[in-house]
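Visitor: Chains as they are written, first to last, in the working numbering: chain A, 1 to 293; chain B, 1001 to 1293.
Among the clues, some could well be false.
[What the hints assert, rightly or not] Here are the computed lysine-lysine pairs in the DSSO-like style, where the Cα-Cα straight-line distance is at most 30 Å:
1) Lys107/A with Lys1285/B
2) Lys203/A with Lys1224/B
3) Lys1289/B with Lys1107/B
4) Lys194/A with Lys1204/B
5) Lys1002/B with Lys1152/B
6) Lys1194/B with Lys194/A
7) Lys180/A with Lys1199/B
8) Lys1203/B with Lys224/A
9) Lys196/A with Lys1194/B
10) Lys1199/B with Lys194/A
11) Lys196/A with Lys1002/B
12) Lys1180/B with Lys180/A
13) Lys1180/B with Lys204/A
14) Lys204/A with Lys1224/B
15) Lys180/A with Lys1194/B
16) Lys1002/B with Lys194/A
17) Lys285/A with Lys57/A
18) Lys1107/B with Lys115/A
19) Lys180/A with Lys224/A
20) Lys204/A with Lys1196/B
21) Lys224/A with Lys199/A
22) Lys1101/B with Lys289/A
23) Lys194/A with Lys1152/B
24) Lys107/A with Lys1288/B
25) Lys204/A with Lys225/A
26) Lys57/A with Lys247/A
27) Lys203/A with Lys1194/B
28) Lys289/A with Lys180/A
29) Lys11/A with Lys247/A
30) Lys224/A with Lys1180/B
31) Lys101/A with Lys194/A
32) Lys2/A with Lys1194/B
33) Lys1204/B with Lys196/A
34) Lys1101/B with Lys115/A
35) Lys1289/B with Lys101/A
36) Lys1194/B with Lys199/A
37) Lys194/A with Lys1203/B
38) Lys107/A with Lys1180/B
39) Lys1107/B with Lys285/A
40) Lys199/A with Lys1152/B
For the record, the hints were derived by calculation from the structure and aren't laboratory data.
2 protein chains.
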Amino acid sequence: MKIIDGKETAKLIKEEIKAEVAGIIDRGDDPPHLAAVIVGDDPASHTYVNGKEKACKLVGFTSSIYRMPDETTEQELLDVVTYLNNDPEIDGFIVQLPLPKHIDENKVLETIDPKKDVDGFHPVNIGRMALNLPSYLPATPYGILQLIEHYKIETEGKNVVVLGRSHIVGSPISILLGRKNNPGNATVTMCHSKTKGLKSIAKKADILIVAMGQPHFVTEDMVKKDAVVIDVGIHRVPSDETKSGFKLIGDVDFDRVASRTSYITPVPGGVGPMTIVSLLKNTLKASKKEVYS
Amino acid sequence: MKIIDGKETAKLIKEEIKAEVAGIIDRGDDPPHLAAVIVGDDPASHTYVNGKEKACKLVGFTSSIYRMPDETTEQELLDVVTYLNNDPEIDGFIVQLPLPKHIDENKVLETIDPKKDVDGFHPVNIGRMALNLPSYLPATPYGILQLIEHYKIETEGKNVVVLGRSHIVGSPISILLGRKNNPGNATVTMCHSKTKGLKSIAKKADILIVAMGQPHFVTEDMVKKDAVVIDVGIHRVPSDETKSGFKLIGDVDFDRVASRTSYITPVPGGVGPMTIVSLLKNTLKASKKEVYS
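With the rest of the complex left out, here is chain A:
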């Protein structure tokens, strides 16, 4: 059994990005510029956006944050999106989700210029992904692909089972791993709340990707011997083992499952640290016009 160390992988990739940015600056060009828009004062959202800004600084990107109050109207937000679409200084930007309830999230996401949609949530980017055309991939699935590449895990011809069908993880990773590509070329089965016999389907997986959002959902009886297990879940639960009185756990019961696997991601320190790396990579691609010319 080998631990897939997302923290270490993320660190290595950030070093690569940093070196490339240094080269860009040395050539006299502008470093990539990522902007983030955040509406309201959800503490988790502010934590995420601050983390993104910190990562930008670390690799040498320029970073801007547009903080807007909770009572921002949809039109005001759309105006900011349009402004960022047209600002040639900005290579890519994200609108931090969730948005306040009075704002139509889909409308906002569809207003972002696909060329600057480094979160990869615009239908154009999702559609291009499904059509195996160049696109910005959504952060978490892209992070999973990078871990698979970094650990040289073979996907071609493998049975991949994805638990969960969210638009940001389960559904796109299912599409990505079934594509004629590398990583890809897997036989993918996507399971969800309506799936019958989910345990026995999971147990047939060579690669099991878990994004259900249920703490310790996957137990040892659901995992094939020597499977690769990728855990996207993250939950804060009470614990008397830690000083803080809580700990973070995943969708997989790591302590029971790990010994059966060939590779497994821990929580925390598995998929999590890779999502910001994906955003940085997409922004770098945007600044180099790699996806859209």
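Starting from the structure of chain A, add chain B where the hints point.
Guide: For chain B alone, coordinates are given in the frame of chain A:
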């Protein structure tokens, strides 16, 4: 065993569309207007486009065909696409594929206004489909959904196996049947040329959708008792049973497989006749601004 009669279903749905169009005209409004662009003189393409025009006339749509020579440049074609995008008289249009090799198909398809893309091939429509947002669905998968609905075949919680991952059939039908929707909510496995153990995977399917493009690929040992079998293949093969000296067969060995199934589509007369119906339905939706307001 019950035959899924695509010819009859298509006829019934065309009658419904015709009645609705008659109502539109009675109210003094313009009937839906579908345009088709065809480049070059591929006989099969001309047959398809003529078939589409005939279907339009039957249901009362206005139909226009833009026939362009084989030596049309990419820019000339893009100019026609832009013209049709901007012509308020046209509700929807298609560019018949394949295009001559000197023209970039993806570039042409991405230039079509998604609001008029009644073939459902634009990345925006594929992406919206994946995100379970309103979209124009590609003709063949949409035709399959309509057959499933017409025959009241339950998909929720069923194991669906799709053989083939083309962008126009296998990949979109896999996405559609896995969505939180009705039809949908199935547990979908998509198989392709790199899949290992394809036969045993197919045999577990409650609903088997075959779009491999290989004559009589599916034999009785690959089909579970009482499965639903949907055959998208169509091949012209020599035959001494017919006057013409050839006959049409599917990807499924119908004669051997049919008796094991609960429902099966014949070839011809199964999925085929439904594709034009899908195009008509998308054009009707376009004229009513049902997908994009």
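Visitor: Taking the hints in turn, state whether each one holds.
Guide: Checked hints:
1. A hinted pair counts as satisfied when its Cα atoms are at most 30 Å apart, and lysine 107/A with lysine 1285/B qualifies at roughly 20 Å.
2. Note on lysine 203/A and lysine 1224/B: the hinted pairing holds, with a Cα-Cα distance of about 21 Å set against a maximum of 30 Å.
3. Under the criterion of a C-alpha separation no larger than 30 Å, the hint pairing lysine 1289/B with lysine 1107/B is consistent with the structure, at around 25 Å.
4. Taking the CA atoms of lysine 194/A and lysine 1204/B, the gap is about 17 Å. The hint holds against a cut of 30 Å.
5. For the hint linking lysine 1002/B to lysine 1152/B, the alpha-carbon distance of about 12 Å falls within 30 Å, and the restraint holds.
6. Straight-line distance between C-alpha atoms of lysine 1194/B and lysine 194/A comes to about 28 Å, which keeps the hinted pair within the 30 Å bound.
7. Taken as a hint, the lysine 180/A and lysine 1199/B pair is honoured in the structure, with Cα atoms around 20 Å apart against an allowance of 30 Å.
8. The straight-line distance between the Cα atoms of lysine 1203/B and lysine 224/A is roughly 21 Å, inside the 30 Å bound, and the hint therefore holds.
9. For the proposed pair lysine 196/A and lysine 1194/B, the alpha carbon gap of about 26 Å is at most 30 Å, so the pair holds.
10. With a CA separation close to 25 Å, the supplied pair lysine 1199/B and lysine 194/A stays within the 30 Å bound.
11. For a cut-off of 30 Å, the pair hint linking lysine 196/A to lysine 1002/B stands: about 25 Å separates their Cα positions.
12. With a C-alpha separation of about 25 Å, the suggested pairing of lysine 1180/B with lysine 180/A holds against the 30 Å cut-off.
13. Simply put, lysine 1180/B and lysine 204/A have alpha-carbon atoms about 24 Å apart, close enough for the 30 Å limit, and the pair holds.
14. For the hint linking lysine 204/A to lysine 1224/B, the alpha-carbon distance of about 19 Å falls within 30 Å, and the restraint holds.
15. With a CA separation close to 9 Å, the supplied pair lysine 180/A and lysine 1194/B stays within the 30 Å bound.
16. Distance check on the hinted pair: lysine 1002/B and lysine 194/A sit about 26 Å apart at the alpha-carbon level, within 30 Å; holds.
17. A threshold of 30 Å between alpha carbons decides the hint, and for lysine 285/A with lysine 57/A the separation of about 17 Å falls inside it, so the pair holds.
18. At roughly 15 Å between alpha-carbon atoms, lysine 1107/B and lysine 115/A fall within 30 Å of each other, so this suggested pair holds.
19. Pair hint lysine 180/A plus lysine 224/A holds up; C-alpha atoms about 25 Å apart against a cutoff of 30 Å.
20. Taking the CA atoms of lysine 204/A and lysine 1196/B, the gap is near 13 Å; set against the 30 Å cutoff, the hint holds.
21. About 11 Å separates the Cα atoms of lysine 224/A and lysine 199/A, which keeps this hinted pair within 30 Å; it holds.
22. Straight-line distance between C-alpha atoms of lysine 1101/B and lysine 289/A comes to about 26 Å, which keeps the hinted pair within the 30 Å bound.
23. The hinted pair formed by lysine 194/A and lysine 1152/B meets the criterion: a straight-line CA distance of about 18 Å does not exceed 30 Å.
24. Annotation: proposed proximity of lysine 107/A to lysine 1288/B holds, straight-line Cα distance about 20 Å (limit 30 Å).
25. Distance restraint check for lysine 204/A and lysine 225/A: the Cα-Cα separation of roughly 10 Å lies within the 30 Å cut-off, and the hinted pair is therefore satisfied.
26. Simply put, lysine 57/A and lysine 247/A have alpha-carbon atoms about 29 Å apart, close enough for the 30 Å limit, and the pair holds.
27. For a cut-off of 30 Å, the pair hint linking lysine 203/A to lysine 1194/B stands: about 21 Å separates their Cα positions.
28. Distance restraint check for lysine 289/A and lysine 180/A: the Cα-Cα separation of roughly 24 Å lies within the 30 Å cut-off, and the hinted pair is therefore satisfied.
29. Restraint check for lysine 11/A and lysine 247/A: the C-alpha separation of about 23 Å stays at or below 30 Å, so the hint holds.
30. Distance hint between lysine 224/A and lysine 1180/B is fulfilled; the C-alpha atoms sit about 28 Å from each other, no more than 30 Å.
31. Restraint check: the Cα-Cα separation between lysine 101/A and lysine 194/A comes to about 28 Å, which is no more than 30 Å; the hinted pair holds.
32. About 26 Å separates the Cα atoms of lysine 2/A and lysine 1194/B, which keeps this hinted pair within 30 Å; it holds.
33. Restraint check: the Cα-Cα separation between lysine 1204/B and lysine 196/A comes to about 13 Å, which is no more than 30 Å; the hinted pair holds.
34. As the CA atoms of lysine 1101/B and lysine 115/A are separated by approximately 27 Å, the hinted pair is consistent with the 30 Å bound.
35. The straight-line distance between the Cα atoms of lysine 1289/B and lysine 101/A is roughly 26 Å, inside the 30 Å bound, and the hint therefore holds.
36. The straight-line distance between the Cα atoms of lysine 1194/B and lysine 199/A is roughly 25 Å, inside the 30 Å bound, and the hint therefore holds.
37. Among the hinted pairs, lysine 194/A with lysine 1203/B is consistent with the structure: their alpha-carbon atoms are about 21 Å apart, no more than 30 Å.
38. Proposed proximity of lysine 107/A and lysine 1180/B is supported: the alpha carbons are some 20 Å apart, at most 30 Å.
39. A hinted pair counts as satisfied when its Cα atoms are at most 30 Å apart, and lysine 1107/B with lysine 285/A qualifies at roughly 20 Å.
40. For the suggested pair lysine 199/A and lysine 1152/B, the alpha carbons sit about 28 Å apart, so the restraint of at most 30 Å is met.
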